[in-house]
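*Asks:* Here the structure of chain H is known, so what remains is to put chain Z in place on it, guided by the hints.
2 protein chains.
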Amino acid sequence: MVPFRRAILALQGYIPGEQPKEKGFVKLNTNENPYPPSPKVTAAIYEFLSSSSLALYPPPLSDTVRQKAASVYGVPEEWVLVGNGSDELLDLVVRVFVEKETRVVYPVPTYTYYRVLTLIQGGTPYEIPFPEDFSLPREFVTASGHLKFLCNPNSPTGTFIPPEDVERVLEASSCPVVVDEAYVDFAPSSTLPLLERYENLIVVRTLSKSFSLAGLRIGFLFAHPYIIRELVKVKASYNVNILSQIGAYAALEDFEHARENIRRIKKTREWFSQRMEELGFFVYPSEANFVFVRRKGINLFFLYEELKRRKILVRYFPEWPDALRISIGTDRDMELLCAHIENILKERSHV
Amino acid sequence: MVPFRRAILALQGYIPGEQPKEKGFVKLNTNENPYPPSPKVTAAIYEFLSSSSLALYPPPLSDTVRQKAASVYGVPEEWVLVGNGSDELLDLVVRVFVEKETRVVYPVPTYTYYRVLTLIQGGTPYEIPFPEDFSLPREFVTASGHLKFLCNPNSPTGTFIPPEDVERVLEASSCPVVVDEAYVDFAPSSTLPLLERYENLIVVRTLSKSFSLAGLRIGFLFAHPYIIRELVKVKASYNVNILSQIGAYAALEDFEHARENIRRIKKTREWFSQRMEELGFFVYPSEANFVFVRRKGINLFFLYEELKRRKILVRYFPEWPDALRISIGTDRDMELLCAHIENILKERSHV
Numbered sequence: 001m002v003p004f005r006r007a008i009l010a011l012q013g014y015i016p017g018e019q020p021k022e023k024g025f026v027k028l029n030t031n032e033n034p035y036p037p038s039p040k041v042t043a044a045i046y047e048f049l050s051s052s053s054l055a056l057y058p059p060p061l062s063d064t065v066r067q068k069a070a071s072v073y074g075v076p077e078e079w080v081l082v083g084n085g086s087d088e089l090l091d092l093v094v095r096v097f098v099e100k101e102t103r104v105v106y107p108v109p110t111y112t113y114y115r116v117l118t119l120i121q122g123g124t125p126y127e128i129p130f131p132e133d134f135s136l137p138r139e140f141v142t143a144s145g146h147l148k149f150l151c152n153p154n155s156p157t158g159t160f161i162p163p164e165d166v167e168r169v170l171e172a173s174s175c176p177v178v179v180d181e182a183y184v185d186f187a188p189s190s191t192l193p194l195l196e197r198y199e200n201l202i203v204v205r206t207l208s209k210s211f212s213l214a215g216l217r218i219g220f221l222f223a224h225p226y227i228i229r230e231l232v233k234v235k236a237s238y239n240v241n242i243l244s245q246i247g248a249y250a251a252l253e254d255f256e257h258a259r260e261n262i263r264r265i266k267k268t269r270e271w272f273s274q275r276m277e278e279l280g281f282f283v284y285p286s287e288a289n290f291v292f293v294r295r296k297g298i299n300l301f302f303l304y305e306e307l308k309r310r311k312i313l314v315r316y317f318p319e320w321p322d323a324l325r326i327s328i329g330t331d332r333d334m335e336l337l338c339a340h341i342e343n344i345l346k347e348r349s350h351v
Numbered sequence: 001m002v003p004f005r006r007a008i009l010a011l012q013g014y015i016p017g018e019q020p021k022e023k024g025f026v027k028l029n030t031n032e033n034p035y036p037p038s039p040k041v042t043a044a045i046y047e048f049l050s051s052s053s054l055a056l057y058p059p060p061l062s063d064t065v066r067q068k069a070a071s072v073y074g075v076p077e078e079w080v081l082v083g084n085g086s087d088e089l090l091d092l093v094v095r096v097f098v099e100k101e102t103r104v105v106y107p108v109p110t111y112t113y114y115r116v117l118t119l120i121q122g123g124t125p126y127e128i129p130f131p132e133d134f135s136l137p138r139e140f141v142t143a144s145g146h147l148k149f150l151c152n153p154n155s156p157t158g159t160f161i162p163p164e165d166v167e168r169v170l171e172a173s174s175c176p177v178v179v180d181e182a183y184v185d186f187a188p189s190s191t192l193p194l195l196e197r198y199e200n201l202i203v204v205r206t207l208s209k210s211f212s213l214a215g216l217r218i219g220f221l222f223a224h225p226y227i228i229r230e231l232v233k234v235k236a237s238y239n240v241n242i243l244s245q246i247g248a249y250a251a252l253e254d255f256e257h258a259r260e261n262i263r264r265i266k267k268t269r270e271w272f273s274q275r276m277e278e279l280g281f282f283v284y285p286s287e288a289n290f291v292f293v294r295r296k297g298i299n300l301f302f303l304y305e306e307l308k309r310r311k312i313l314v315r316y317f318p319e320w321p322d323a324l325r326i327s328i329g330t331d332r333d334m335e336l337l338c339a340h341i342e343n344i345l346k347e348r349s350h351v
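Which chain is which? The protein sequence lines are H and Z, in order.
Note that our numbering numbers the first sequence so that position 66 is 66, with each residue one more than the last.
Note that our numbering numbers the second sequence so that position 241 is 241, with each residue one more than the last.
Okay, chain H solo, but in the shape it has when bound (with noise of 0.2 Å):
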């Protein structure tokens, strides 16, 4: 037996959602987009497989995409760093800030990664639970901590703290503050134009969500060049490829695209809130791609593995058994997954 460290043996890794094998169903549990992206990506990879070679590495700062994500988003180019996905750039930055004995302070419930990449590091979680209306805790403005990090829209919830209180955190924090944006663009605002007024920022995004691209591995780190000089030692020399790089820039230039598809998942989201509520369930306000609806005190694996058993995947967290977290899908898709939840609920009056 070979000495792993204890940190990793301890660990209990992040579990992603199901991502089934066989086809057929109606995948409402990773928060995908149901709408395809932009055929300008497609047409781009194309071209890129037609005229060039996959046997040259790729350029290590994703140069072309790194301007236009510059350019899209208002920052200068030395602000920007192309990632794996988002979950590379949020793993970059605790590698960059945190080892033993140093906090990580977070409110909970959010995205679980944040404590595995902390345990990872063998820092310590701070976990502030979330008031009852997910406001911001009081607590997380003022605790000391290494890093922070705000889920923002939060996941699973949906919810979603407004700028002007996420600056009240900036301005109280000595240590960097992660808002990990990755659910931004089905809300009203971002923190993306704070970034100049504090150097403690950073802002994280994906083209996963909005731009329907979970499959290329796309994210953007906005943040102080002196901050991104520490994660470019960290980050491996070529860490995205060349195919994600030409579909990430074509992805961009048609910003048009993507957001005629996150109005009609707004839409979705608005009707489908109110018939879950007309169901019964508590419904979290949501400024995200998905709903997370609740009754408090019930179980509610049965309804996931019902609906399962009928294709239709949910998510369901063991961490809190009385709600599911529900990503919004095409019109078709949220009148299925209604008409089922209401058969079912039928057949188990006792619920």
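It is worth saying that the hints were derived from the structure and are not from the lab.
As the structure is a computational prediction, the values presented were derived from the model and not from experiment.
Warning: the hint list may mix true and false statements.
Unchecked claim - So these bits of chain Z aren't anywhere near chain H, every CB distance computed over 12 Å:
hint, residue
1, Pro58
2, Asp165
3, Lys233
4, Ile298
5, Asn299
Unchecked claim - Partial pick of chain Z residues on the chain H-facing surface, computed with a CB cut under 7 Å:
hint, residue
6, Ser51
7, Ser53
8, Glu99
9, Ser212
10, Val234
11, Ala236
12, Val283
13, Leu313
14, Pro318
15, Glu319
16, Pro321
Backbone N, C-alpha and C define an ideal beta-carbon position, used for all residues, glycine too.
*Replies:* Just chain Z now, kept in the frame of chain H:
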């Protein structure tokens, strides 16, 4: 200013070989394959793009590629981990075994990324010089540590340690031993068959060199399942994008295509090595897709620079100023290079 880890601030990151932005270079600096990958790779990616969506997350463990690699390399599926290039896999290994006060042992000169990875974790590199003939350093067998690396064939020298000698390291070491076989397809034999007998052996491979797929970022790690299990905890959920998974599978299906290119490259390597000797260089015996050529005591920066001016890129490492690492290109590339070198040396007759 926010509190970076000291190890990171002190770190000199790994510097990858230049990726020229201008076109028209003969690129012999990063050991890329001069021949294109199997046409089946492109065909498979086309096929995927025309029939499936990029909006879905890829399989977290790259299942189909993993199964294919298991069958191609003759190990059970649970013994394989697919990575975003072999660099990601090397990184995962270091994160699982190395922390403050642990020691990482490897012979030098070698791939400098081992040093960078060790320092990122706050570990201590223990570097053992290769003997003049680049055979196995005796101290590498006996030294104690928490992790050992052996790049085999070695970069930048191209020299090769036969598996019988690697076996001595495995037998004498209680720690895991990583054999980085990025270049092994150009060598006579692999340590992979030793895997069954040594539970401390970790073998790392890549499709970047022999399969002409540096652009896709695909690496494989082979080890006992008890090691794979811990590595999986640390890796990001969706570490390999879907197009690279599709392409890697197709490449492994057409191993014969790679084999043919390997044969050509080895043939070129033989005559090129001889020509370089005739031009007055010491040429380390290479079992890789590059050669390390030396003029003892003479700084070869001028040659690197003059070649670059003539649009040929080779690799100059400031740490080994009297040598150059030259990737094996096509016969035509190498003829051109030889002609230029001859010409440059003539002009500077003092060399």
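*Asks:* A separate judgement is required for each hint: does it hold in the structure or not?
*Replies:* Hint check results:
no.	hint	verdict
1	Pro58	6 Å, violated
2	Asp165	21 Å, holds
3	Lys233	3 Å, violated
4	Ile298	29 Å, holds
5	Asn299	26 Å, holds
6	Ser51	11 Å, violated
7	Ser53	6 Å, holds
8	Glu99	5 Å, holds
9	Ser212	4 Å, holds
10	Val234	6 Å, holds
11	Ala236	4 Å, holds
12	Val283	24 Å, violated
13	Leu313	12 Å, violated
14	Pro318	17 Å, violated
15	Glu319	17 Å, violated
16	Pro321	22 Å, violated
Hints 1, 3, 6, 12, 13, 14, 15 and 16, counting from the list given before, are not met by this structure.
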